[in-house]
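Chains as they are written, first to last, in UniProt numbering: chain A, 1 to 732; chain B, 1 to 732.
Hints were generated in silico from the structure; no laboratory data involved.
Everything numeric in this text was worked out from a predicted model, so none of it was measured.
It cannot be assumed that every hint is accurate.
Straight-line Cα separation of at most 35 Å, DSBU-like style, residue types lysine-lysine; simulated pairs [stated by the list, open to error]: (1) B:LYS578 x A:LYS374; (2) B:LYS578 x A:LYS206; (3) B:LYS644 x B:LYS659; (4) B:LYS644 x A:LYS206; (5) B:LYS659 x A:LYS660; (6) A:LYS206 x A:LYS464.
The following label-pair restraints were derived from C-beta to C-beta distances [stated by the list, open to error]: (7) A:ASP513 x B:GLU164: 37 to 45 Å; (8) B:GLU164 x A:GLU334: 38 to 46 Å; (9) A:ASN653 x B:THR571: 29 to 37 Å; (10) B:LEU67 x A:LEU608: 41 to 49 Å; (11) B:GLY210 x A:LEU608: 55 to 63 Å.
Just so it is clear, CB atoms sit at the ideal spot from N, CA and C, and this is done for glycine as well.
There are 2 protein chains.
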Amino acid sequence: MSIVYLIPLFGLIALLFTAVQSAWVSRQDAGNEKMTEIARHIAEGAMAFLKAEYKILTYFVIIAALLLGYMGASHENSDWTIAVAFVIGAIFSALAGFIGMRIATKANVRTAQAARTSLSKALKVSFTGGSVMGMGVAGLAVLGLGGLFIVLKAYFGAEAGTDEMIKTIEVLTGFSLGAESIALFARVGGGIYTKAADVGADLVGKVEAGIPEDDPRNPATIADNVGDNVGDVAGMGADLFGSYVATVLATMVLGVETVSANDNFGGLAPVLLPMLIAGIGIVLSIIGTFFVRISENAGLSTAAVQKALNLGNWGSIVLTAVVAWFLVNWILPETLVLRGYEFTKGGVFGAIIVGLIVGTLMSIITEYYTAMGKRPVMSIIRQSATGHATNIIGGLAVGMESTLLPTIVLAGGIYGSYAFAGLYGVAIAAAGMMATTAMQLAIDAFGPIADNAGGIAEMSELPKDVREKTDILDAVGNTTAATGKGFAIASAALTALALFAAYVGVVGANGYDMDGINIYKADVLAGLFIGGMIPFIFSSLAIRAVGEAAMAMVEEVRRQFRTIPGIMEGTGKPEYDKCVAISTEASIRKMMVPGAIAILSPIIIGFLLGPEVLGGFLAGATVSGVLMGMFQNNAGGAWDNAKKSFEKGVEINGEVYYKKSEPHKASVTGDTVGDPFKDTSGPSMNILIKLMSIVSLVIAPTLAGLHGNSDHKSSAKKKAPTEQVAQVRSAK
Amino acid sequence: MSIVYLIPLFGLIALLFTAVQSAWVSRQDAGNEKMTEIARHIAEGAMAFLKAEYKILTYFVIIAALLLGYMGASHENSDWTIAVAFVIGAIFSALAGFIGMRIATKANVRTAQAARTSLSKALKVSFTGGSVMGMGVAGLAVLGLGGLFIVLKAYFGAEAGTDEMIKTIEVLTGFSLGAESIALFARVGGGIYTKAADVGADLVGKVEAGIPEDDPRNPATIADNVGDNVGDVAGMGADLFGSYVATVLATMVLGVETVSANDNFGGLAPVLLPMLIAGIGIVLSIIGTFFVRISENAGLSTAAVQKALNLGNWGSIVLTAVVAWFLVNWILPETLVLRGYEFTKGGVFGAIIVGLIVGTLMSIITEYYTAMGKRPVMSIIRQSATGHATNIIGGLAVGMESTLLPTIVLAGGIYGSYAFAGLYGVAIAAAGMMATTAMQLAIDAFGPIADNAGGIAEMSELPKDVREKTDILDAVGNTTAATGKGFAIASAALTALALFAAYVGVVGANGYDMDGINIYKADVLAGLFIGGMIPFIFSSLAIRAVGEAAMAMVEEVRRQFRTIPGIMEGTGKPEYDKCVAISTEASIRKMMVPGAIAILSPIIIGFLLGPEVLGGFLAGATVSGVLMGMFQNNAGGAWDNAKKSFEKGVEINGEVYYKKSEPHKASVTGDTVGDPFKDTSGPSMNILIKLMSIVSLVIAPTLAGLHGNSDHKSSAKKKAPTEQVAQVRSAK
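Next up, chain A with everything else stripped away, as it sits in the complex (with noise of 0.2 Å):
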């Protein structure tokens, strides 16, 4: 059994090679006194969010965690240490999120001076800091989960098919519970954010004042770049920290009921294997980044960057896919049961394998709908030709249509995962799509980092050709990313489907004997509707957030410009700080009111209509909340692609546009309204389902025993995992 000790273990390699390389960024070269002048603005920028987000947070932390411990000790199967649980999940998912920053702010510098020298070297530099972010993030979740299982087990005194065992997990559930509530602050509070600033800058800056992008006479250009290090970095570091964390631990909800006879880990071979894949996708995450790297000699293409980048990705992952054989051979029995439902270790295999392929089918599909040249972009394009409207319909039309393949192929894949190892199978298979998670956000974070060095090229004067190296990087970043939302909206599918299963069986073993989820009923009907509802709800507040605070800092900008003198010709001063400070509170200010509703309503639905109706909730808000988040991130990221075409030239009807002309000025409108689109609200949509399944798992012991009454309470407790194999084996 002392395999277990194995995963904090990978945890702690992450965080060496985390602190080596970080170190490496650290030692390289700065530039001159401009450039860290404007990296240090940035840089403090970053931290008075953060700091003043994570201020707001601790009363919320606080004031969960006195209700939670209560709600734990009162409940039989459950225990006020589920408290500590959320507690430590919190904190790891800030930590997180502020080690992504820290490193972020400070590569982005040096990447723009390492762009003077060569492609190559910007591209390590970039990359070198989002890798020290992904494995940070991977490194404390498995940390965080392996330690806190060894220490809860022991706590307990738990063993497989024990009540205890029961209790250690539930109690675990509540630091993925920690995790997942501040990633979803994060990730709100940091897109508004950065979407604020960014579309307050331009609609000044570049639309009234005619100035460029990232000029330092606009007073917002600052919050603008440091959104970028909020948002796409400090809250997407949160948001995977929390996906990961949630990924696994429905993977060992189901694994506790997993009955594994004859395995060599005491029948806790199920609960093991998520957090040994974690652990595992780790290490070989870290020898994908050996594989990303460009030739000096290599020209200034984004082919060669592009191409680096997926052999890393696509190495890591085809390493997991070998080394996931040998572990599921080695560890798993021959067959398994969960819940009546028999399937071997080939079959886990097998759904390891179905979450790998679904995992990379949806990222070429997202790439597809977002890539430049490729139709829905093109026909994007050709629409910015009639003007605005009907930029902004093609648009919505190509975000509507993207939904049709990703949906096939996650039905599929739930089919199939399905078939292979059951719900268990459901799980693992988004367990295995998650395990180089390292290796995603590593690729996820250099495209924000290189952004960043654009701007304090940008602003610190540097030749041209340092900033169209960043452009480069820049450009092979904004599709990494389309295709990373791709990759978290599946998974977040998966393991929303695979905590709904948790949820069920925790419902059940608390006593409200429950077959299933059925619709059929009126009541769980309505819960369907109001579930599904949720995310257009959350996205209208996420999105309207960003469309007011970008108004207050068009109003801000506009009265510095009027009442700076010299602020035009370079001699006054722009007050860069008062921009910062607007972002900041409107972001922090505007986190609140949707992060309540995600939180809420799953406890409002289940209290108030019973465990059963909170089903229907849940997957009517899944269901929704994948489409919606789909919808709107594709949306966003082709109406961004195609603006970004007209500064090469796009041909249209036989003539060509560039920069400037009426097509390119409608594409620009297309882009603001798919920056909520894809920054705020569609990334959100992963986070708010599971959150949502997250905390009716939480309830759901207090629940089943506040509704348990004659028509549902199980005459008899559930039945041990141990009685059940023995049933399923003798009837056969």
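Following the hints, position chain B against chain A.
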């Protein structure tokens, strides 16, 4: 039992009323030569479209009828006559569209002429036109359903509780399928037509050439006015015909299963009730129309017109509630049982009241979200000050937010009507809501007639005060159109749910044992995802079709402006029919794929994955369709009124903006984006979800037979209803 003959009689009364009113409209003065010439152009264009559309649909109807006939003949619980019922349903639906179009193209020019006298006269002509359509649609529906029921009952020799009665209703489902399929094509085809012409005419006429709306120099102006008739009149007529039939039918299907012992109609009271309510609703609607009048001395304000319409509308709703009380008390026995759920006749009345309340609340909420001067529209106006993009973000946020309250009302309605009278309650709530369809439709249809009258006034250069009067009617028409959509989507949701319940019953009655639709099963959940995606892809196709057809229209108008000499000076005559042909051709071509998706997807899912997955699919499609419908309808309505607000001037941050200001231009962009939302894809959603449910219901017996296996096939045939009641009674 002779009460059943009352039902077609109500239909005949409605058609008689239609004929009388229609003759009255025809007798009105059609104005001067120029006016009649223009009206002739519009009428010809509209008929040309209808002819082209019905020609294509004839092929579809023949093929579908053959397949249906074969399917019906080969299954014991169905019959080849389902093909006949289908064809009659299709013909009646087409006829409903035709009647509406015919009267609208007569009433439009006569309304323009009446407006030369007084607002009161203009309202009278346009509203009488609308009520011809309303009564025609309702009359055909009641005549068709009632008449067919009598004929089929005699043909099969069916009595309550027998297999023959199940067969009668199964065949009657064919009537609804015919009605709803034509409705979908008419709504989508008409919606594409009207918005392609509208957007195309505006983009070149208003924006590029700078000529006003409905200017006779614009070659697309006739097509634009034709569009109002084919989309807002014929399309809507077929749509509501289909909805009305589907709602009544869904209640009948559940009525057949409902055990109504000791009633005075051979146990058939629950089957007859929805038809009787519909029939009486027609009479009450006729009474309601007499309330709709304003004084000759009424000033030129929208308030008086709105008040008159409200009086008519609320009048018929209150009368319905009162009459329903007596009707229910008279025909139903004290207690009824449906699938083991016992309820009283008081409960049935309660459910009807729930339906009326839900419909009323939906109208009020929809009006709030789309009316001028209210918070949502004001927020869009404010966001227009910072440009096109923020206007769009504002409208999208309003649309998404507008799903909140209606969803809660709807969920409450489902919950409440179920509590009152089980699944029969849910269905009868929808039927109660739809009882005053004739009145609703009259109120809805008068708007496009007035809109057309304004166009004719403009083109024939009538005095300015004529247009002022038609504009007042048009403005009121916009509000009633928006509230009508809120009503339609609510009734569609309840109807879809009733059909869903009926589907589960029919599957069970045909030997496939299914307790419900359990979304906890992976395959059912996969179906839920795919179903949820359908409204997205359907909307995408619809709005893209509008975008592309509008672009073709733009090209043609530009060509005419370029090549026809003297066109701008009014000496050269534009080729109106070329534009009419473009809209006609494009709309018919582009309605095919969305139509095919709606009809084929449930068939494919059902045969490939079985009845329970199809259930999940239907639930997903219903939830997502309702939400997407509300989102798109309300966003479109709010954008429209935000734009209209600029006509009288709006204050933003202390400054007043009028037409042609920059914020107004931004609002025009929003309105153009909203056009396909609110008139093409949005209103199609309610037909889509019902059509897919009806298709599923029709194929249910075949599906159940095909997929029945050892796991699922009931050992014994479903208990006959009489046994069922005995069982429930004895259990007490």
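To see whether the hints hold, each was checked on the structure:
{"no.": "1", "hint": "B:LYS578 x A:LYS374", "in the structure": "holds, 33 Å"}
{"no.": "2", "hint": "B:LYS578 x A:LYS206", "in the structure": "violated, 42 Å"}
{"no.": "3", "hint": "B:LYS644 x B:LYS659", "in the structure": "holds, 9 Å"}
{"no.": "4", "hint": "B:LYS644 x A:LYS206", "in the structure": "holds, 29 Å"}
{"no.": "5", "hint": "B:LYS659 x A:LYS660", "in the structure": "holds, 25 Å"}
{"no.": "6", "hint": "A:LYS206 x A:LYS464", "in the structure": "holds, 19 Å"}
{"no.": "7", "hint": "A:ASP513 x B:GLU164: 37 to 45 Å", "in the structure": "holds, 40 Å"}
{"no.": "8", "hint": "B:GLU164 x A:GLU334: 38 to 46 Å", "in the structure": "violated, 56 Å"}
{"no.": "9", "hint": "A:ASN653 x B:THR571: 29 to 37 Å", "in the structure": "holds, 30 Å"}
{"no.": "10", "hint": "B:LEU67 x A:LEU608: 41 to 49 Å", "in the structure": "holds, 47 Å"}
{"no.": "11", "hint": "B:GLY210 x A:LEU608: 55 to 63 Å", "in the structure": "holds, 58 Å"}
When the structure is compared with the earlier hints, violations turn up for hints 2, 8 and for no others.
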